[in-house]
Amino acid sequence: MAIEVRIPTILRSHTGGEKTVQGSGDSLSALIDDLDARHSGIKGRLIADDGALHRFVNVYVNDEDVRFTGALETPLKDGDSVTVLPAVAGG
Amino acid sequence: MARFDSLIDSLGGTPLVGLPALSPSPEVRLWAKLEDHNPTGSVKDRAAFFMIQAAEAEGRFKPGATILEPTSGNTGISLAMIARQRGYKLICVMPENTSIERRQLLEMYGARIISSPAEGGSNEAVAVAKKLAAEHPDWEMLYQYGNPANARAHYETTGPEILADLPTITHFVGGLGTAGTLMGVGRFLREKVPGVAIVAAEPRYGELVYGLRNIDEGFIPELYDPTVLTTRFSVGPNDAIRRVRELIDREGIFAGISTGAILHAALGVAEREVAAGRRADIALIVCDGGWKYLSTGAYDGSLDEATEALDGQLWA
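Heads up: the protein sequence lines correspond to chains A and B, in order.
Take the first sequence: its letter number 66 is residue 103 in our numbering, and every next letter is one higher.
Take the second sequence: its letter number 7 is residue 973 in our numbering, and every next letter is one higher.
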């Protein structure tokens, strides 16, 4: 099972500078565990001490914000595209 | 009635037009709220007017007062027009990666522009404006990201207008920047229309804009309340440009690029409703016309060329 994950500049120190990495898992939580096994420390940047997604980290599965689709329990399937972005001001 | 005492009095009351060619079926229809019909040509006129009016009512603005605001363009243009009419000075803190037309319009209305670095986008503009406000206590910052009058403008005007024109509404799709439109329209519709879906379309910019030094420098507008939303989509420049071109080709509407992002989310919602066999009336915001973005390259050349041209620009 391959899921493409786009990593923002600020987290690329964990991926050896790679913009896009591959991962696997049947939920976002499982995917993050899988990524952390190969990109040490990335989980600690995405997830806060309370176990939820970091307040200023947005994660999208196929462009939809996971906070509206089950957060860390959002189901994933082969071919899904995951994008991680810091929350910044728009407008 | 189409006669008004002044330009500002003509605010709002914008048309809601059907999109028959882009709607997927007679049961699932799209409707566009043409906010480019406002006095300075964008949805931000509503927030700007309500914020200035609220500050005046609180006695914050003395004659000749100086207003300070972080803005990527439209809010600044709206504020500049109203400030000029009322004898206020306006200073806009604007990221340097915004289109030249927006700067030209601000200068035409007599506003002063302070540029903030491209890297970090509006985040940096907010930070610079907050610093300037602390250094100049006599400057009044309206602060659109946290000013309740921004959302109230849409609660009191945009929302009721949409419901009056489309009582069968099932979905509202708006752009997520300050969150003012989505929070105001969203709260109003949720009170009046059981089961209505409120959908946010958020522009996804190039990497430059997300260039924070530290994740804790992230920003969530104070107005943003996720419980008002049903869901939220991130839309990249490629999809936004493709849709804004479809809007011209299929419906004759020449809109700005952020509207392309909103249309993309609306069409995604429409597809889900068709697949589920449900009836839907989906209202979406046309934030502004395309005039201010001609220089960005979004409207000419191939889609790939246009997408590349937008990289690093604040296009919404």
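There's no promise every hint is true.
Simulated pairs of lysine to aspartate or glutamate, DMTMM-like, Cα-Cα distance not exceeding 25 Å [to be verified]:
#1 A:Lys-80 with B:Asp-1247
#2 A:Lys-80 with B:Asp-1182
#3 B:Lys-1158 with B:Asp-1247
Computed footprint of chain B on chain A; a stretch qualifies when at least three of its residues, placed anywhere within it, have a C-beta under 8 Å from a C-beta of chain B [claimed, not checked]:
#4 62 to 68
#5 71 to 78
#6 100 to 107
#7 117 to 127
Don't read these hints as lab results, they were simulated from the structure.
Beta carbons: idealized from backbone N, C-alpha and C, even for Gly.
Agreement of A:Lys-80 and B:Asp-1247 with the hint, judged by alpha carbon distance not exceeding 25 Å: Not OK: A:Lys-80 and B:Asp-1247 at ~41 Å, beyond 25 Å, violated.
Coverage criterion applied to the region 100 to 107 of chain A (partner chain B; beta-carbon cut 8 Å; 3 residues): Contact hint for the region 100 to 107 of chain A vs chain B: holds, 6 residues under 8 Å.
Three-residue Cβ test at 8 Å for the coverage of the region 62 to 68 of chain A by chain B: violated (count 0)
Within 8 Å of chain B's CB atoms, at least three CB atoms from the region 117 to 127 of chain A: coverage verdict: n = 7 at 8 Å, threshold three: holds.
Restraint status (C-alpha distance of A:Lys-80 to B:Asp-1182 at most 25 Å): holds (16 Å)
Within 8 Å of chain B's CB atoms, at least three CB atoms from the region 71 to 78 of chain A: coverage verdict: violated (count 0)
Proposed proximity, B:Asp-1247 with B:Lys-1158 (alpha carbon, max 25 Å): holds (15 Å)
Hint check: violations occur at hints 1, 4, 5; the rest are consistent with the structure.
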